[in-house]
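Based on these hints, arrange chain B on the given structure of chain A.
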Amino acid sequence: MKVNTPIHEHSLTELSAAIKNKTLSSVEVTQHFLNRIHKHENLNAFLEVHEQQALKQAKWCDNNPESSKDKPLFGVPIAHKDIFCTIDGHTTCASKVLDKFQANYDATVVKKCAHAGMINLGKLNMDEFAMGSTNENSAYGPVANPWNHENCPGGSSGGSASAVSARLAPIATGSDTGGSIRQPASFTGITGIKPTYGRISRYGMIAFASSLDQAGPMTTSVSDAALMLNIMCGYDHNDTTTAQIAVPDFTKNLNNDIKGLTIGIPEEFFGDGLQEDCKLAVEKAIKTYQELGAIIKPIHLPNLSFAIPTYYLLAPIEAASNLARYDGIHYGYRHKDAESLESLYQLSREYGFGKEVKRRILIGTFASSTEYSAAYYKQALIAKKIITNDYKKAFTEVDAILTPTTTSTAFKLNNKDQSPSSLYLSDIYTVSVNLASLPALSIPVGFDHKNLPIGMQLISNRFNEQTILQLGHAYQRATQWHTMYPELYKG
Amino acid sequence: MSNQTEQDKALCASIVSKIASLSALQLTEAEKSEYKQNFEDLIAMFHTLDSISDHEVEKSNLIMSANQCREDEIQQERPPLEKICKHFNTDSGLFDVPQFIDSNES
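Quick note, the sequences are listed as chains A and B, same order. For what it's worth, our numbering labels the leading residue of the first sequence as 1, then goes sequentially. For what it's worth, our numbering labels the leading residue of the second sequence as 1, then goes sequentially.
Next comes chain A alone, as it looks inside the complex (with noise of 0.2 Å):
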């Protein structure tokens, strides 16, 4: 461990290690997050607080050593996207709908972190059912972005993403159905990836659309991220979309030379939608693979453009199957004055829901409705088919697909000029990975002239996150980025 190093700059292996070795208590480690939480509560990062149940179970930690065998993140503090179920505290997935709900059981990836020993400091802000790309989405308010406040953190893990990189929590949980941890890690100068769909039990994750969703981590490091996929990674029985395959070690491989691995470069997500400083900061880390002994190799996805409107089809079409149980009479929020069973429905679906909510339930009943599915739906499946083949076609020429993660850095609040569609337009090179089910991870390069973080996208071939867990990890040793954090929030 790092001497003189305040407790938020450690990783959480150090963070694990001193407190095994009693340098450092959990109750230590997980008042001082707590204290930065208090401090810096204008970022609107966390909904919830989980205080004392926090310091009752790092004291927990400290009178009971003996039970930090087999748990490697022993007394080490996390806090959770809302989209996660927990008997503690509330789960609103940042919707007036489910206001106040209470879960009665805690979500695989939640119970799988308490077992590996970590304390959970409480849930963080999002957009609402994961809908949205600012964080402005939520019913509790928009998050700021540490680096300016006057920007966005992304969406829809925007408080996860403001959380880390403030170094309110060493670590967070996100989700993913179309960059909702790449685009926020991306605009907060942070490390977080998206595994292969099926790597993460989704059980106890509220659904937005079933087929594409996937949890993940969002760290400082990626060596911090493949320690958290070694616990949240593996089948469960409660998911039969998680995968029945074993599940490595993803630390284990990743001081291994990249020299001779293939990286592609797609030609087309370089063209005219993307702005030039995050250009010119993506070609600088591609030359920083070639002195690393990376082979570089341009490729073509040809059908790339089909990702926008296919994804923003099947989202909404399953979204709004899978948003039909919020109802007034299940969950959460009731409309007072109903005065019959069809307008009880109507309108606590209309006061409960938000505004981008209710419309992509719209879209995706009006694409899925009898009269439309065939033109809409079928057309969306078969494009899915097509991205999902041009991906399999690159990973027989390179092990891992390099790109920017955004077309621009965090946006600014409250941008009234920004369209919807437009908004969609700017998921252009995210929402592709989740129609291929891929993994893919994103990483600090750079900043801009206005000093916002830019980030790269790393993609690799299913259930093969070692590779770019390995390419981040290389690159990460070779430059200082990753390291770096908003000056208001050091000390």
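Calculated from the structure, these hints are not laboratory results. All values derive from a computational prediction rather than experimental measurement. Watch out, some of these pointers could steer you wrong.
What the hints assert, rightly or not - Distance ranges between label pairs, derived from CB positions:
no., chain 1, residue 1, chain 2, residue 2, range
1, B, Glu56, A, Ser211, 18 to 26 Å
2, A, Thr23, B, Glu56, 53 to 61 Å
3, A, Pro6, B, Ser17, 53 to 61 Å
4, A, Gly141, B, Thr28, 21 to 29 Å
5, B, Lys36, A, Lys100, 28 to 36 Å
6, A, Met484, B, Lys36, 44 to 52 Å
7, A, Ala17, B, Lys32, 54 to 62 Å
Cβ atoms here follow ideal geometry from the backbone N, Cα and C, with glycine treated the same way.
Coordinates of chain B only, in the frame set by chain A:
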């Protein structure tokens, strides 16, 4: 959006109220007008998929239409309810269920 047709515009004008009621949403007039505009933009975007042909996908991966799926199998006639459940009361047409006695009252 370039692909927007007059037919799409007409569709959007009529569709929002119908879809809202199918979605169990009671929209205000302002919302209807806003979503109508969004629908116009989005439908134009969705039309970019029109150029895709299912010939581009391997035959084994062709996606069946929803109607084909529904016609897949005709279900055999179900046995009478009284055979499924011995508690079915053929006179009342209801299931006889055990009565719960409140422990505080006994």
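Hints violated by the structure (listed by number, smallest first): none
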